[in-house]
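So the protein lines, in turn, are chains A and B.
Residue 354 in our numbering sits at position 344 of the first sequence, and the numbers go up by one each step.
Residue 105 in our numbering sits at position 95 of the second sequence, and the numbers go up by one each step.
Source of the hints: derived by calculation from the structure; they are not laboratory data.
Incorrect hints may appear among the rest.
[What the hints assert, rightly or not] Think about it this way: if two alpha-carbon atoms lie no more than 35 Å apart in a straight line, the pair counts; the simulated DSBU-like pairs of lysine-lysine are:
{"#": "1", "chain 1": "B", "residue 1": "K135", "chain 2": "B", "residue 2": "K167"}
{"#": "2", "chain 1": "A", "residue 1": "K394", "chain 2": "B", "residue 2": "K356"}
{"#": "3", "chain 1": "B", "residue 1": "K41", "chain 2": "B", "residue 2": "K179"}
{"#": "4", "chain 1": "B", "residue 1": "K245", "chain 2": "A", "residue 2": "K126"}
{"#": "5", "chain 1": "A", "residue 1": "K181", "chain 2": "A", "residue 2": "K151"}
{"#": "6", "chain 1": "A", "residue 1": "K260", "chain 2": "B", "residue 2": "K118"}
{"#": "7", "chain 1": "B", "residue 1": "K255", "chain 2": "A", "residue 2": "K126"}
{"#": "8", "chain 1": "B", "residue 1": "K422", "chain 2": "B", "residue 2": "K252"}
{"#": "9", "chain 1": "A", "residue 1": "K255", "chain 2": "A", "residue 2": "K422"}
{"#": "10", "chain 1": "B", "residue 1": "K150", "chain 2": "A", "residue 2": "K69"}
{"#": "11", "chain 1": "B", "residue 1": "K390", "chain 2": "B", "residue 2": "K255"}
{"#": "12", "chain 1": "B", "residue 1": "K65", "chain 2": "A", "residue 2": "K167"}
{"#": "13", "chain 1": "B", "residue 1": "K356", "chain 2": "A", "residue 2": "K356"}
{"#": "14", "chain 1": "B", "residue 1": "K181", "chain 2": "A", "residue 2": "K65"}
{"#": "15", "chain 1": "B", "residue 1": "K150", "chain 2": "B", "residue 2": "K181"}
{"#": "16", "chain 1": "B", "residue 1": "K69", "chain 2": "B", "residue 2": "K167"}
{"#": "17", "chain 1": "A", "residue 1": "K41", "chain 2": "B", "residue 2": "K65"}
{"#": "18", "chain 1": "A", "residue 1": "K422", "chain 2": "A", "residue 2": "K245"}
{"#": "19", "chain 1": "B", "residue 1": "K260", "chain 2": "A", "residue 2": "K118"}
{"#": "20", "chain 1": "A", "residue 1": "K252", "chain 2": "A", "residue 2": "K41"}
2 protein chains.
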Amino acid sequence: MNADIITIGDEILIGQVIDTNSAFIGSELTKIGINIRQILSVSDNETDILNAIEKSIEKSDLIIMTGGLGPTSDDITKPALLRYFGGNLVLHQESLRVIIDFFTLRSKSISERNLKQAEVPDTCKVLINRSGTAPGMMFKKDEKLVFSLPGVPFEMKELLTTEVIPFIKTKFELPFHLHRTILTEGIPESSIADLLKDWEENLSEDIRIAYLPSPGLLRLRVSISGNNEEYLNYKLNNEIDKVIKLIDEKHVFGYDHDTLEQKVGDELVRCSSTIAIAESCTGGKISNLITSVAGSSRYFKGSVIAYDNEIKTDILNIPYEVIENFGAVSEQVVSKMAQGVKDLMKTDFAVATSGIAGPGGGTDDKPIGTTWICAISPKKIVTKKFLFGENRERNMIRASFAALNMLRNLIKETI
Amino acid sequence: MNADIITIGDEILIGQVIDTNSAFIGSELTKIGINIRQILSVSDNETDILNAIEKSIEKSDLIIMTGGLGPTSDDITKPALLRYFGGNLVLHQESLRVIIDFFTLRSKSISERNLKQAEVPDTCKVLINRSGTAPGMMFKKDEKLVFSLPGVPFEMKELLTTEVIPFIKTKFELPFHLHRTILTEGIPESSIADLLKDWEENLSEDIRIAYLPSPGLLRLRVSISGNNEEYLNYKLNNEIDKVIKLIDEKHVFGYDHDTLEQKVGDELVRCSSTIAIAESCTGGKISNLITSVAGSSRYFKGSVIAYDNEIKTDILNIPYEVIENFGAVSEQVVSKMAQGVKDLMKTDFAVATSGIAGPGGGTDDKPIGTTWICAISPKKIVTKKFLFGENRERNMIRASFAALNMLRNLIKETI
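Construct all of the structure, not just a fragment, from the sequences and the given hints.
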């Protein structure tokens, strides 16, 4: 079964916005065994939108469109769909209620434009958008399905995963495509590829592997397709076990939709422990990751972002001589940062970072990317030096994930 | 003049890779006044590639393709181009030299596959790729130009900016396309649309406007095209001035590629002042934004992430009774947080947040999304209550941007 993805918006064509929606949709459809024929981006122009629908519907059974459903004059996907599929605009009561609630909850006045967003062609099935004001729509032509979703990524994602994908699964008979993703931190793609070389060469044809790198993390997706779900599950688990045995378990932090920050939280909850963080080069990134997890207040007490050395001495109680003798980016300072914040916030665990994120501040001795990380438990202190790259943003992210994984391994071995 | 962009690769369709090449090409072509008709991504399949070229060449004068030029068996853009434009594969001596140098410099052995990359159809003009092994190619059909560039982003960027764009500029007489983007924080799309309604209705036809929302921020892009650059510049600036007068200036934080965190930094540098941050509900996000700016150590001293109330009392010196009487999410507590961190870190300015990010913790009185923000200067203290939405991640982002903009306005009016 083929699908086309159509994303609508001048901002995509002129390169002001990178089209991340297509990648998300492509990935979700691939997971359920749908083949993506093409991705097309067109402008906010009725003729172009109509042409795109017409051509895609000839070739594919399923079309997912995003964008052009906002309240302003440049949003013309709805009129285009109305023209293509016919019908009349009618007020959709449930969507109207959602829009009114949306503004009431935020104590904001509703404009005429927003109310008009509840109007939909009577030729479509409405998909209620609970995270925004533009309802999604589903149209049918012959046996082909056309979905129109809002362009705001989190609204699109919510509708795609809770409405579109489940509907498609019930509607079409698809072969089983099973996936399992192994999540790792701290090993480069080429090293994992070397470790898995023999295993990969002996894989049977129904199994595919994909390396999905992002700064600091590498996801390893193993996929299998066929008609017997039970057998596929057995075989997939079997291969996953083999892969895991080939990689040092300290690097493997989870599977599928796990996040490193969630796994750290899980470990802390499991052993009823608390944590504090002292950040220098990561500038709040680790704290931000930890608190992105709902319920993190159960274990996270707080952080000190000690960017200036004065904060390191005055608040984290690091003797000034230690900083002067060894430099702020040193094993001595980072371990005193961890100890300092642990004492200050009276927690069981702590983690600290100190490094040169760049673009300035590098020396021959300590080039940009040099980073010290320390994790501390009630019984043990672990420090490690890393040499990341030249890019400030990537250095901050890689240091944050390295710190979280060091912490995760320390908690695991402690209790 | 119209252009089509075609990106080739299964990894794009299955969502394994986000297509950032199109955005870069779209933005560079737009800058020189070329209208992007569409962006199409197709698989590594000869028929699909040939169809894509055929259809694009009917409608557009210029086609930029990327991808499918690598050394492995799934790279079939070159055979497809050979079939479409005819000719024979010939060895391109200069490209061969570049490839040999490339491997010699990296002390790596050259494979037969890599040497074959120097073979090109004799119907094309070769664009020497100095940062990789796949040469770029230019084909001509009637008066239409087709460029095929490597898919590796930095190789593509180099060839596009040093070869393709300069060539196009000499070849075609292009109109000017100018853009200016106004960046705002804290006004919903529909409210701005209402403010600009009359202005929009009276716009001349050569001017276009686009609303580009993201959590907490809204970008407003005004575009103009024509032949007289000086006049266009004058007219665009004139329209931008009109828009700015219609929006409360507190909401407008910058233009084009500015960021709110950079603008806060600029203000602090301008008045040689320092800042400290106390975060509760934003959990490190504000600090992370501030430190994402290179050189932020000039003004940012540090932060206390006071997630637990004990941190608020013990480190930020907030009397326990204040928290007990008014609750942690209150005007009283947030202003004491700001004052507390300012005193602790001896800075000129401070900002603090306390809110209910969700998904738990909401009450009838203080539903999820309730957030207090306080900004403090040497002379003044400003507090404001916000009611964001239900989504934890968005609440954290919106609160962070609201805090940064409050701070920016306070610094501006202080000094």
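Identify every previously stated hint that the structure contradicts and give their numbers, smallest first. Per hint list: zero violations.
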